[in-house]
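Enquirer: Given chain A, work out where chain B with the ligands should sit, using these hints.
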Amino acid sequence: MEIRPHLSVQNLNVYFDQLRILKDVSIDIPDHKITVIIGPSGCGKTTLLKSLNRLLDPLDGVRVEGRVLVDNVDIYDPRTEVTEVRKKMGLLSQRPQPLPMSIYDNVAYGPRIHNHVDKKRLGEVVEQYLRMAGLWEEVKDRLGEPASRLSVGQQQRLCLARGLAVGPEIILGDEPTSALDPQSSQNVERRLIELKEEYTVIVVTHILRQAKRIADYIAFLYLGELVEHGPAAEVFANPRDPRMRAYLTGEIS
Amino acid sequence: MLVLTCVPAFLVLLILVGLFVRARPILAEKPFFSLLFSSAWSPLKGDFGLFPFIMGTLWVTFVSLVLAVPVSLLTAVFLSEYAPRSVREFTKPIIDLLAGLPSVIYGVWGVLLVVPLVGRIIAPFFGVTSSGYTVLAGGIVLAIMIFPTIISVSLEVFSSIPYQMREASLSLGATKWETVRHVVLKKGLQGIIAAIVLGLSRAFGETMAVLMVVGNIPRLPRSVFDGGYPLPALLANNYGEMMSVPLYDAALMLAAAVLLLVVLFFNVLARLILVRVERRAA
Ligand SMILES: Nc1ncnc2c1ncn2[C@@H]1O[C@H](COP(=O)(O)OP(=O)(O)OP(=O)(O)O)[C@@H](O)[C@H]1O
Ligand SMILES: [Mg+2]
Chain A
326 MEIRPHLSVQ NLNVYFDQLR ILKDVSIDIP DHKITVIIGP SGCGKTTLLK
376 SLNRLLDPLD GVRVEGRVLV DNVDIYDPRT EVTEVRKKMG LLSQRPQPLP
426 MSIYDNVAYG PRIHNHVDKK RLGEVVEQYL RMAGLWEEVK DRLGEPASRL
476 SVGQQQRLCL ARGLAVGPEI ILGDEPTSAL DPQSSQNVER RLIELKEEYT
526 VIVVTHILRQ AKRIADYIAF LYLGELVEHG PAAEVFANPR DPRMRAYLTG
576 EIS
Chain B
45 MLVLTCVPAF LVLLILVGLF VRARPILAEK PFFSLLFSSA WSPLKGDFGL
95 FPFIMGTLWV TFVSLVLAVP VSLLTAVFLS EYAPRSVREF TKPIIDLLAG
145 LPSVIYGVWG VLLVVPLVGR IIAPFFGVTS SGYTVLAGGI VLAIMIFPTI
195 ISVSLEVFSS IPYQMREASL SLGATKWETV RHVVLKKGLQ GIIAAIVLGL
245 SRAFGETMAV LMVVGNIPRL PRSVFDGGYP LPALLANNYG EMMSVPLYDA
295 ALMLAAAVLL LVVLFFNVLA RLILVRVERR AA
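Protein chains in written order, with our numbering: chain A, 326 to 578; chain B, 45 to 326.
One chain only, chain B, in its complex shape:
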């Protein structure tokens, strides 16, 4: 058993070490942190600053969370506390289905619908001209992709709260909404945070859909109407293409390692919080 549980951890470690080994050529030329925080990206001149890509990732992720968290929490609260049983049972499989759709589908849908929406309606509304291939479009598509994760984990968390606890609050003359606010959300807070972090870590790594709508411009985005270039998109677009450029290969490996570290960090955080919540509920 112990050996088996160690295998995945070992594999991740192996991948990480492998990536860093392959990134060695570029790390030998420039220190790690200057690569991380430099904005200059011109591979032909030997500049491999990863900062625009890291920021592209963070921007898209941030936008998607701002959009996804309130909507999915309200949905989860509605489904778990207000909706009749039949609605809940009807909706749950649909949410799980959405979570399982291949991300290309979301990407195509994003290109067909979200990009024009941003370019023709939302950007002009704010007085900005934009092609529509923007951080905002990426964020919207990503938000829709992480809804199901946050909703289904939150539903899980809410259903772990004993019904009798809600009854206790109701019996004191609290309204349903007061009960949700003071009891359900309070009791489930840690679990909700874990749900968000889980959604977040999915958002960091999600490639296809975002790549198709975000514009892929290696420049620091200054607003949500700028194009962006998240790390996963950088890897997917360029790996195997530009390999004749010196050090390009190593720079991409470094980018992959950074992405992996970020995703790992958030996953571990989510697990830790979930374990604490479960222990508390026990």
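Chain A extracted, bound-state conformation:
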């Protein structure tokens, strides 16, 4: 039997009301690599990302067809527990969203809810993930402060630590650097590259240069269609689809 990747999308269609937003998307996401989803604004990148951890569920008027397999389990199967699906993925959103509590409590949020960390070890765990996100040195003396007081760049790394603390296998990022200054962006990019040793990373971006810097694998969406996907070097060197070529040369954006 062929070894299946962690995450595999098969014939995925998403409708908002009657509008078809994603059209028959199929892709195997390679493990322990950074897959970057690119495409013009409104083409469905965020929708694709959210369909991977069922964040489309709470929206009104959404219909999802097709299968998303995580570790060979269809996450849209009615028997699948949605919280279990989401635990396997950490999410970074476009603007960092610290929860209305202290820095410490933000990181401890997941472990507390899932009760998978011994209470006595919680402090260590929080430190471990803050270090992994490259934030520990900056916040170790102010863990009790509200997370909203951190700078936006720090908040994004806090969100990364918070996501990692749940113990995911996959990290999803929806333009995770778009609200950040160049320095913080670089910092987050570096973290993502480090993290692919242990995690499978999927990042949406509309910055082509960022895609070139971090991508191992590229998926190009255009008007809800997965037009082209493949190893980054290959796709960038000789894109097959004319739309992909036009996007790379900046004719469509």
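Careful: at least some of the hints might be erroneous.
To be verified - Quick list of in silico lysine-lysine cross-link-like pairs, BS3-like style, CA-CA up to 25 Å:
| id | chain 1 | residue 1 | chain 2 | residue 2 |
| --- | --- | --- | --- | --- |
| 1 | B | LYS136 | B | LYS230 |
| 2 | A | LYS444 | B | LYS136 |
| 3 | A | LYS444 | B | LYS220 |
What the hints assert, rightly or not - Cβ pair distances, simulated, as ranges:
| id | chain 1 | residue 1 | chain 2 | residue 2 | range |
| --- | --- | --- | --- | --- | --- |
| 4 | B | LEU118 | A | LEU384 | 20 to 30 Å |
| 5 | A | ARG474 | B | VAL65 | 47 to 57 Å |
| 6 | A | ASP342 | B | PHE169 | 48 to 58 Å |
| 7 | A | TYR340 | B | LEU233 | 29 to 39 Å |
| 8 | A | ASP342 | B | GLY62 | 57 to 67 Å |
| 9 | A | ASP342 | B | LEU57 | 47 to 57 Å |
| 10 | A | ASP342 | B | LEU233 | 31 to 41 Å |
| 11 | A | ASP506 | B | ARG315 | 33 to 43 Å |
Hints listed in this document are in silico derivations from the structure and should not be mistaken for laboratory results. Just so it is clear, the structure is predicted and the values come from calculations on it, not from any experiment. From the three backbone atoms N, C-alpha and C, an ideal C-beta is built for every residue, glycine too.
Expert: Below, chain B with the ligands without anything else, positioned relative to chain A:
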């Protein structure tokens, strides 16, 4: 602009000063605080203790809050977090309509339904005989009147919380209820408090409906099955009626001033909290 914004504040001040000036005759006879805390109310003998009325107001208000707060918060949480969009859009105008109904309507409805309910079912259940015209009936009617206020302000507060914040919690594997508890209610706490205080200040001042069901007995209530006599009811019932009794006029003016102060206090408090919440959300 500055002048215009000052006008309402100036008017309130003017009313307050006017009331105190008219209350001067009685303040000249007895000190303010002894009037406030005396329970003796017999105008013909010259006793004008306002304490039963103040307590009547507080009792009715308290009962209404105990009933209204949990129910309206749960309703607001349900409408904002759980109900489908169509239900929310259908319910909102109804809630606003309820907030705008004249209070006499609630009063009539209270007399027809709530008073008998309290007198024949609730009081006997607790082993008490009661006419039904009680603090409890007043509290129930008032609770129903302040539901819409608390619900609609809370809905406002919840909708000011970015959806992405809920998504962040959900994406960590939290259930919907955990997200509501740890994120929505926590983030909205100050706003919820403001909503309650706003409901509270409406409750203090509400006259007609309460007056019709509360019994209007100038005695300190000892339980929710006693009749009560809130300040607004005192004013509405007696102003212009008993004016031949010496000092009655002045005593009512004082009662009005006290009521105004209480309502003002809670309104200002609510505004302050709301401003802080808005600044935080920004
Ligand atoms: N909640 C919603 N209800 C209805 N339509 C929606 C909703 N969210 C997104 N859409 C539509 O789905 C399409 C894809 O949106 P999506 O947010 O996935 O695009 P995107 O590629 O992430 O764009 P951007 O680069 O601007 O973030 C758009 O046409 C958008 O209008
Ligand atoms: Mg997007």
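Enquirer: All hints are to be evaluated individually against the structure, with a verdict given for each.
Expert: Quick rundown of the hints versus the structure:
Of the pairs offered as hints, the one joining LYS136/B and LYS230/B holds, with about 23 Å between alpha carbons and a cut-off of 25 Å not exceeded. Our distance criterion of 25 Å between C-alpha atoms is broken by LYS444/A and LYS136/B, whose separation comes to about 44 Å. Of the supplied pair hints, the one linking LYS444/A and LYS220/B holds, its CA atoms being roughly 24 Å apart against a limit of 25 Å. At roughly 23 Å, the beta carbons of LEU118/B and LEU384/A sit within the given window of 20 to 30 Å.
Our hint of 47 to 57 Å for ARG474/A and VAL65/B holds, since their Cβ atoms are close to 50 Å apart. Against the hinted window of 48 to 58 Å, the Cβ-Cβ separation of ASP342/A and PHE169/B comes to about 51 Å, which satisfies the hint. At roughly 37 Å, the beta-carbon separation of TYR340/A and LEU233/B lies within the given 29 to 39 Å, and the hint holds. In this structure the supplied range 57 to 67 Å holds for ASP342/A paired with GLY62/B, their Cβ-Cβ distance being about 59 Å.
At roughly 55 Å, the beta-carbon separation of ASP342/A and LEU57/B lies within the given 47 to 57 Å, and the hint holds. Taking the beta carbon of each, ASP342/A and LEU233/B are about 35 Å apart, inside 31 to 41 Å as hinted. Hint check: ASP506/A to ARG315/B, Cβ distance near 37 Å, so the stated range 33 to 43 Å holds.
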